[in-house]
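Can you join these two chains into the complex? Each is in its own frame, and there are hints to help.
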Amino acid sequence: MRSAYRILAILIALGVVVQAAVIAGAWFLVLNDLDSGTVLDKNSEGNWAHVVHGQIGVMVMPLLALLLLIVSFFARIPGGVKWAAITLGVTILQVVLAFAGFAAPVLGLLHGVNAFAIAGVAGVAARKAREATSAVPASPAAVS
Amino acid sequence: MRTSVRAAIATVAALAVLGPIGWFWYDSLVPGTYDMATMGYADYGGGPPAGHQHTGGISVADLRGPSGTPAVTVTLTTRRDGDRYTINGSSPGPEIRARQGDLIQVTLVNESVPDGVTLHWHGVDVPNGEDGVAGITQDAIAPGRSHVYRFVARDAGTYWYHSHQVSHEQVRGGLFGALVIEPPSPAGGDHVVQVHTYQGRRTINGKPGVSEFPATSGEAASSGRTVRARVINTDAGPIRVWVSGTAYRVVAVDGRDLHQPGPIGGAAVLLTAGGRVDLEFTAPGRVDVGGGAAIGSGAASAEPRELVDLLTYGTPAPLGFDPGRATRVFDYRIGRRIGFLDGMPGMWWTVNGRLFPDVPMFMVRTGDIVRMTIRNVSGEVHPMHLHGHHAVVLSRNGVAATGSPWWIDSLDVADGDRYEIAFVADNPGIWADHCHNLEHVPEGLTAHLAYADVSTPYRVGGDAGNVPE
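Line by line, the protein sequences give chains D and B.
With the first letter of the first sequence counted as 1, position 42 gets the number 189 in the working numbering; the numbers rise by one all the way through.
With the first letter of the second sequence counted as 1, position 356 gets the number 679 in the working numbering; the numbers rise by one all the way through.
This is chain B alone, in the form it adopts within the complex (with noise of 0.2 Å):
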């Protein structure tokens, strides 16, 4: 065969090899500023179009919290040092307490962050302006800048506060805190365990190893009093909670009470990365958290092989809405697979088959009742955390629920799971549905919940370079 003849060949044969690849890198180019909301496609989850979001309505810097006098007035400070980060010179930053009603105003300062900040008030289901989700709800607040932050502790329970910018180093590395909204009438012997592995360090509270309860008022968990241990997960995977020394009950998830929960004896609760239970006992007993850590007073008990089911645990009580006549059902199905993104080859994380951004925007109307079914076939366990609601979780893998209403805003469904959840779009926004695994939002894994009809004058990237996770 003649030499051109052969280069010819080799040629196109190069180009039929590369031409596909380089248009793959081409076609999953990010661009350096957008609108979340115009990304991907809108999914309206067989209920009517509702108008695409980012034609005017409502904008999202309007959806703010009220006036008045705030009950409880905070400054959070951030600085970095370091890979570390410290809200008022300390990680976890101050604990936030407020009474159920009460207005809580936060004035955030970032003193040293060049990445900026944001607050996002984990759990919370604020106005979708207070969310602190830099490029969505607000822009990131840069060095030398402030931020007020108001909104109502409309119900008691366990939260915690975190940066939403640049999160995957920002809450590894320290930023973010406990926020609990008691209720009016609050029982003593209530503690925080605040569970974050520094640097390979697990603790609680900010302490490794073992500690004490502190003797807050008066109130020490001495022998025979009821403690409350509210206990936090803000770490990037599950871990196993139990009571060494006496049984306990899982009073509340995610900042929602169970309804009549049982004594439970030799099992742990496996708590999500950002979710929260509230678990209770009588003193003395200590909260193994795992990886040495624990609080409390008496011996440690081997961890339980057990876990404890919130499938059938507890006892039914209404919802105060009929899933069943849901009238939007979306699918939430996470994947992995080879692709670029944002010209990045890798193993990336997929939602609904397709990678970021060509991600659904799940569409709802104010009022609609949506059923969402979460599958996961990716391979690992993901932490999904959905922003501005709380869900009920109504069956896992084609089993329905049994036991109390299980109200979540982090599940953790592990590989091979699938989860239907229901709940009422009642707080218009537009609104993250992420993995808490915070590391995998860059790799691709987050969707949103938007309303119709509501927009955001943010931008990701963009002047104040939002980075939206």
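Same shape as in the complex, but just chain D (with noise of 0.2 Å):
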């Protein structure tokens, strides 16, 4: 359960890179697109990269943060349950601000802060995880 905990944690802080490295390619596939004469409006429904974006940022993290804190429960990492439920309402935070970034775009700036939120927290997750690892021998008596 530990390492479920961990693998879950690490998950997590990587699909925050995943996620800053496709939307920062959606804009940058738009802006070559514009050349090409496309108009970008309503009728608009984003690029691949858009789609892979709202997918993983509404469906995997939430999922995959929920999971992190439902492991936590019977994973016994001393903080453990704290640090997943810290990742689940940064990341259930994040969702919440992309969609209030649609009528109030400052609020996307902090859509871009929480990011680094998520990945901070869910690297705290992944240590607390190593270290009661590592803090108890790993006898099978013991860990059980």
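These aren't lab readings, by the way, just hints derived from the structure by calculation.
Glycine included, every Cβ here is placed at the ideal spot set by N, Cα and C.
Take these hints with a grain of salt, some might be off.
Said to hold, decoys possible - Sample of chain B residues with no beta-carbon within 12 Å of chain D, all distances over it, derived:
#1 Y364
#2 A394
#3 I419
#4 R422
#5 Q423
#6 R782
Unchecked claim - Stretch by stretch, here's where chain B covers chain D in the computed footprint (C-beta under 8 Å, at least three residues):
#7 181-191
#8 215-224
Here it is in structure tokens:
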């Protein structure tokens, strides 16, 4: 359970990196398309990178954060539940900021900043799992 | 602590998290086949309860157009080629022109659209059975089948037709065309300017870039002639429309003439998705719709920053009814929240705070005077379209309309805006009242106006695969 917790936390942190990469790529693709006469308006569904960013952001990341919380109940990591809950909290906040940004684009700035918070707290969660594993001698009796 | 106790606590905690999520998921599921009229909850708008709609009475299937010899007969054959849709081999489909009072008969033939098709007469207040909404007023027409629509061209104006089956794909892909109802003695210089964006290319009547008005029967838009440009927005979002090179007037909105419209220079009109404006000017001049698309002659002028405010444009005239004597008052509040829609997690549109299908059924009786407040707190603009009726705008954000009566069937409701509209319930049926950014319909932004004792034999889903968006 501790390694599952740790892997989930690392996946969430990596997910932030992927999200940053695809959303940057998405807008460079748009700029490139504009050069060939594309009109950007309400009809625009976005390119493949927008779709990937949306799917990972709305579906994959919240699911990973939810799984992390569930796993934390069983993983017996000091601070594990707390950091999983914080990770889930900032992940949901990220989705809320994303959609609030449509009405108030300034919130889009916070969406960018909060991404670092997700990566940060997921990183702390991963470290807690590693510390818990190394603090207890890995004897079968102790881990059970 | 004992291991077993810990495991029990962990299991309870996991269930406490997953249980509510699972319940919300389950509660959101929509049956595969259902009667749209039974979904959601009846909202009587403060008026007397009007008997709920799915109990006998008049059938939508009987609310059809008149018999008789049609003055205008058209056959429209729909095909799908990849993700393009065509009508009689082209997109947009043929322009249908009729004179006021004509009986129009359109035979829809579905040659090869796998999902089935229908035709909705956008802005024409047809009898409910001719409205073309799959699963509510008819079944979707499967490939190899056909369907006949008949209705009287009662009100002169600019309209359009489009599929109302899986419309977010079919309309985007080209399944639409223009419908013009001319006054009894039409003036010349009358041109349709149908705007559509195909795969990122904005076009007018199917052509990108700048084109000339066609020289129809010797009536080219030559210098000194009066031009009436019937601009139709078939896209998903609002567009800015203006005339370069000369002043112009907005002579009609959504197929209803404005009263004493004044000349406009240096301002654009915001044309909502699904909406129409008729612009009149003296040639030469060109109609610009943004995205590099324009039609007419003369040089381009920069896009004006100012917008014409239809709330104060023109001068007042009698409405023909008294909105102050409303018998029902409805709220249509558009929001957005996290939740499940038919099992799918996401950020979905809400109507009065609730997710589809738990949305209001606005219940009326024939003869009711209805006031409706449309409020948008969802973060994005919504072009709201009421079928079968024209409503008049009373106020925006509490400021009363002081210009010409501003009749609409499609209204641009920007984020944060609040419009009050009023209409007479004079067309019995079950009418969609939805967002015309058609992607938003499967995302939950739809409700219905239903008359007491009208029921429908058609079902969403079912054998016909009806998808009434």
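How the hints compare with the structure:
The beta carbon of Y364 of chain B sits about 26 Å from the closest Cβ of chain D, which is more than 12 Å, so the claim that it is off the interface holds. Non-interface call for A394 of chain B relative to chain D: holds, since the shortest CB-CB distance, roughly 36 Å, exceeds 12 Å. The non-interface label for I419 of chain B is consistent with chain D: the shortest C-beta to C-beta separation is roughly 24 Å, beyond 12 Å. The Cβ of R422 of chain B lies farther than 12 Å from every Cβ of chain D, with a closest approach of about 34 Å, so its non-interface assignment holds.
No Cβ of chain D approaches the Cβ of Q423 of chain B within 12 Å, the least distance being about 33 Å, so the stated non-interface status holds. Every CB of chain D lies more than 12 Å from the CB of R782 of chain B, the least distance being 30 Å, so the non-interface label holds. Here's how the stretch 181-191 of chain D fares: 8 of its residues keep a CB closer than 8 Å to some CB of chain B, so the rule of at least three is met and the hint holds. For the stretch 215-224 of chain D, the stated coverage by chain B holds: 5 residues have a C-beta nearer than 8 Å to a C-beta of that chain, and at least 3 were required.
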